[in-house]
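K.L.:
Next come the chains, spelled out residue by residue.
There are 4 protein chains.
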Amino acid sequence: MSHPPILVVTTGGTIDKQYFDALSEYQIAESVIEKLLKVSRVTHPFRVVELMRKDSLELSDEDRALIRATIAAAPETHVVVTHGTDTMTDTAKMLADIEGKTIVLTGALAPARFAESDAPFNLGMAIACCQAAKPGVWITMNGSVFDALKVRKDRAAGKFTQA
Amino acid sequence: MSHPPILVVTTGGTIDKQYFDALSEYQIAESVIEKLLKVSRVTHPFRVVELMRKDSLELSDEDRALIRATIAAAPETHVVVTHGTDTMTDTAKMLADIEGKTIVLTGALAPARFAESDAPFNLGMAIACCQAAKPGVWITMNGSVFDALKVRKDRAAGKFTQA
Amino acid sequence: MSHPPILVVTTGGTIDKQYFDALSEYQIAESVIEKLLKVSRVTHPFRVVELMRKDSLELSDEDRALIRATIAAAPETHVVVTHGTDTMTDTAKMLADIEGKTIVLTGALAPARFAESDAPFNLGMAIACCQAAKPGVWITMNGSVFDALKVRKDRAAGKFTQA
Amino acid sequence: MSHPPILVVTTGGTIDKQYFDALSEYQIAESVIEKLLKVSRVTHPFRVVELMRKDSLELSDEDRALIRATIAAAPETHVVVTHGTDTMTDTAKMLADIEGKTIVLTGALAPARFAESDAPFNLGMAIACCQAAKPGVWITMNGSVFDALKVRKDRAAGKFTQA
Chain D
1 MSHPPILVVT
11 TGGTIDKQYF
21 DALSEYQIAE
31 SVIEKLLKVS
41 RVTHPFRVVE
51 LMRKDSLELS
61 DEDRALIRAT
71 IAAAPETHVV
81 VTHGTDTMTD
91 TAKMLADIEG
101 KTIVLTGALA
111 PARFAESDAP
121 FNLGMAIACC
131 QAAKPGVWIT
141 MNGSVFDALK
151 VRKDRAAGKF
161 TQA
Chain V
1 MSHPPILVVT
11 TGGTIDKQYF
21 DALSEYQIAE
31 SVIEKLLKVS
41 RVTHPFRVVE
51 LMRKDSLELS
61 DEDRALIRAT
71 IAAAPETHVV
81 VTHGTDTMTD
91 TAKMLADIEG
101 KTIVLTGALA
111 PARFAESDAP
121 FNLGMAIACC
131 QAAKPGVWIT
141 MNGSVFDALK
151 VRKDRAAGKF
161 TQA
Chain S
1 MSHPPILVVT
11 TGGTIDKQYF
21 DALSEYQIAE
31 SVIEKLLKVS
41 RVTHPFRVVE
51 LMRKDSLELS
61 DEDRALIRAT
71 IAAAPETHVV
81 VTHGTDTMTD
91 TAKMLADIEG
101 KTIVLTGALA
111 PARFAESDAP
121 FNLGMAIACC
131 QAAKPGVWIT
141 MNGSVFDALK
151 VRKDRAAGKF
161 TQA
Chain G
1 MSHPPILVVT
11 TGGTIDKQYF
21 DALSEYQIAE
31 SVIEKLLKVS
41 RVTHPFRVVE
51 LMRKDSLELS
61 DEDRALIRAT
71 IAAAPETHVV
81 VTHGTDTMTD
91 TAKMLADIEG
101 KTIVLTGALA
111 PARFAESDAP
121 FNLGMAIACC
131 QAAKPGVWIT
141 MNGSVFDALK
151 VRKDRAAGKF
161 TQA
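Protein chains in written order, with full-length UniProt numbering: chain D, 1 to 163; chain V, 1 to 163; chain S, 1 to 163; chain G, 1 to 163.
So here's chain D without its partners, still in its complex pose (with noise of 0.2 Å):
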């Protein structure tokens, strides 16, 4: 098996999100991504770019098209794309018919600052399915791979399922 650079495109949600006392809220902040990647002795060769720091809920049609823009011209085949969870399936459809990638989105239901996160596995999860899987886009939530196009979230149980 050979072993290609990965393309983490970062663009926001739960994941990344962090509490601001002075503002008595949380907001995204600067993602934590390539920390986690760093804590968890990670040397297979790989690329972050943070394009925006949104809840998945505030996405655009035009920040939608950039992720898209952005992963089609990268010179890279395997891409994790992390991402709010709540429209993570709308971002998908979008990113379908790019043709000669493994396209792996993935985001969190808790903040990886959190002790007690998804968020690293959920990575693990996106950067083991970017090298095994075949050509296409796939969801990795709850412990499972999906086929980004065949699920959904259920928003109230708080997981993903077989649309």
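FYI, nobody ran anything at the bench for these hints, they're computed from the structure.
Since this is a predicted model, take the numbers as computed values, not measurements.
Backbone N, C-alpha and C fix where the C-beta goes; we use that ideal spot for every residue, glycine too.
Hints may be right or wrong, so weigh each one.
Straight-line C-alpha distance at most 27 Å; calculated DSSO-like pairs for lysine-lysine [unchecked claim]:
| hint | chain 1 | residue 1 | chain 2 | residue 2 |
| --- | --- | --- | --- | --- |
| 1 | G | K35 | S | K35 |
| 2 | S | K35 | G | K38 |
| 3 | V | K38 | V | K54 |
| 4 | V | K134 | D | K150 |
| 5 | G | K134 | G | K159 |
| 6 | G | K101 | G | K54 |
| 7 | V | K134 | V | K150 |
| 8 | D | K35 | V | K38 |
| 9 | V | K35 | S | K35 |
| 10 | V | K35 | D | K38 |
| 11 | G | K93 | G | K159 |
| 12 | S | K159 | G | K38 |
Which chain V residues face chain D? A few, computed with CB under 7 Å, are given here [said to hold, decoys possible]:
| hint | residue |
| --- | --- |
| 13 | S24 |
| 14 | Q27 |
| 15 | V39 |
| 16 | S40 |
| 17 | E116 |
| 18 | Q131 |
| 19 | A132 |
| 20 | S144 |
| 21 | V145 |
| 22 | L149 |
| 23 | K159 |
Given chain D's structure and the hints, the job is docking chains V, S and G onto it.
P.N.:
For chains V, S and G alone, kept in the frame of chain D given last:
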């Protein structure tokens, strides 16, 4: 994509080391793997079997035969094995002739009980790999999916590389 | 030194904030103070009373009167109050006339559920201060023991300083 | 209340233990005390002196004499010493004749690098105690402030109790 249940076999290793003050040392304790899967919001069906609690330098041929027999007899075709990293490749070799299963070995270089550990990320890699990769034996460490028969651990450097 | 039991009164505040993905926001949840004391191997006798779960900007005069009445009526002479930091000094003023007790208010600038938080340290400060300081009202924040009637929170700077 | 600077002397102990995979064992590493103080948003002035990195079972009379000399010679009157718990009371006895200083010894039963550790809480206890208690030698462990000359460690039970 269908989602058959995953068998998770735990054998010990650094991933499960705990510090016992009364003994002034680290020992492998009750596996934390099931707790990690819960914290990671895994709803994908799985079953955990705690086979042993050994440092992989102490695994005997009988131990490895037991690991093999457990996996071969199980109904699951998707299998994750958590294992000490030092002799992970030796156990992998003994699993190579099991047909029709996707078996992924992983472990960690820092105990899962540490605040900063590669454990959750590596477990996520393995859980994704057993679903996405084709049948055979794999190792997920340091952010890479390796063919388990073509990798070695560089102990001094603390990482796995292509053999 | 004798070790009479400590009364720990929890009122909410950032220290107890949890992130709820289904609501896309942080809310004060079941207090984690008792869990923090357990993780910190506290064997000193104590009793936890969860009075309310409020951001301190939302505390009313009735809320503060309830906090005061609870402390005044309790048999314990050593008291810790976990509280939002924004109006901690207002509650402290209302406790100043309670005689014969050492009352220490503390809180946190980052939720205790975060991997990196001042919560456990601040709680430890308060638990020690109620045993070591003379009777009166104290605040422990930012590594300092303050006379509670002579301190203010500098909200923008995120710290407490002598008033 | 005034806030003179605190001297923090680190000597090793479980609080600073790290796991080294290449060695398959734990060792006392670079002290994490300064980082804990930073994470805990300590703005109170302090100075950290890393004297040694020893398990307290390995401290010699010369080591304890060095700890004593460092504290006696320092300008600070408020002193915290982080120390292995096994012979903490022995070192405390050697500090009892230093006049005019409030000296607090603490440590931890689980390494600070663990996700669940008593380390930050205990450090907070000591930092508060050196400001609030009267001059003398104290130990803060298990949620209690102890007169350091009247306490012992019950090793099997993993806790400190009145001697």
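K.L.:
Indicate, hint by hint, whether the structure satisfies it.
P.N.:
Status of each hint after checking the structure:
The hinted pair formed by G/K35 and S/K35 meets the criterion: a straight-line CA distance of about 23 Å does not exceed 27 Å. Between the alpha carbons of S/K35 and G/K38 the distance comes to roughly 23 Å, so the proposed pair stays at or under 27 Å and holds. For the hint pairing V/K38 with V/K54, the CA-to-CA distance comes to about 23 Å; that is within 27 Å, so the pair holds. With a CA separation close to 21 Å, the supplied pair V/K134 and D/K150 stays within the 27 Å bound.
For the hint pairing G/K134 with G/K159, the CA-to-CA distance comes to about 24 Å; that is within 27 Å, so the pair holds. Distance check on the hinted pair: G/K101 and G/K54 sit about 25 Å apart at the alpha-carbon level, within 27 Å; holds. Annotation: proposed proximity of V/K134 to V/K150 holds, straight-line Cα distance about 16 Å (limit 27 Å). With a CA separation close to 23 Å, the supplied pair D/K35 and V/K38 stays within the 27 Å bound.
Taking the CA atoms of V/K35 and S/K35, the gap is about 17 Å. The hint holds against a cut of 27 Å. A distance of roughly 23 Å separates the Cα atoms of V/K35 and D/K38; the hinted pair therefore holds under the 27 Å criterion. A hinted pair counts as satisfied when its Cα atoms are at most 27 Å apart, and G/K93 with G/K159 qualifies at roughly 19 Å. Of the pairs offered as hints, the one joining S/K159 and G/K38 holds, with about 13 Å between alpha carbons and a cut-off of 27 Å not exceeded.
A hinted interface residue such as V/S24 counts as satisfied when its beta carbon comes closer than 7 Å to some beta carbon of chain D; here the least separation is about 26 Å, so the hint is violated. Taking 7 Å as the C-beta cut-off, the interface hint given for V/Q27 is violated, the closest approach to chain D being about 23 Å. Look at V/V39: its Cβ gets to within about 5 Å of chain D, closer than 7 Å, so that hint holds up. Hint on V/S40 holds. Least Cβ distance to chain D is approximately 4 Å, under the 7 Å limit.
For the restraint placing V/E116 at the interface with chain D, the shortest Cβ-Cβ distance is roughly 5 Å, inside the 7 Å limit, so the hint holds. With 7 Å as the threshold, the beta carbon of V/Q131 comes within range of chain D, its nearest partner Cβ sitting at about 4 Å, so the hint holds. With 7 Å as the threshold, the beta carbon of V/A132 comes within range of chain D, its nearest partner Cβ sitting at about 4 Å, so the hint holds. Taking 7 Å as the C-beta contact cut-off toward chain D, the hint placing V/S144 at the interface holds, the least distance being around 4 Å.
Proximity of V/V145 to chain D holds as hinted, the smallest CB-CB distance being about 4 Å (cut-off 7 Å). Violation of the interface hint for V/L149 is found here, the shortest Cβ-Cβ separation to chain D being roughly 11 Å, above the 7 Å cut-off. The interface hint given for V/K159 holds, since its Cβ lies 5 Å from the closest Cβ of chain D, which is under the 7 Å cut-off.
In this structure, the earlier hints numbered 13, 14 and 22 are contradicted, and the remaining ones agree with it.
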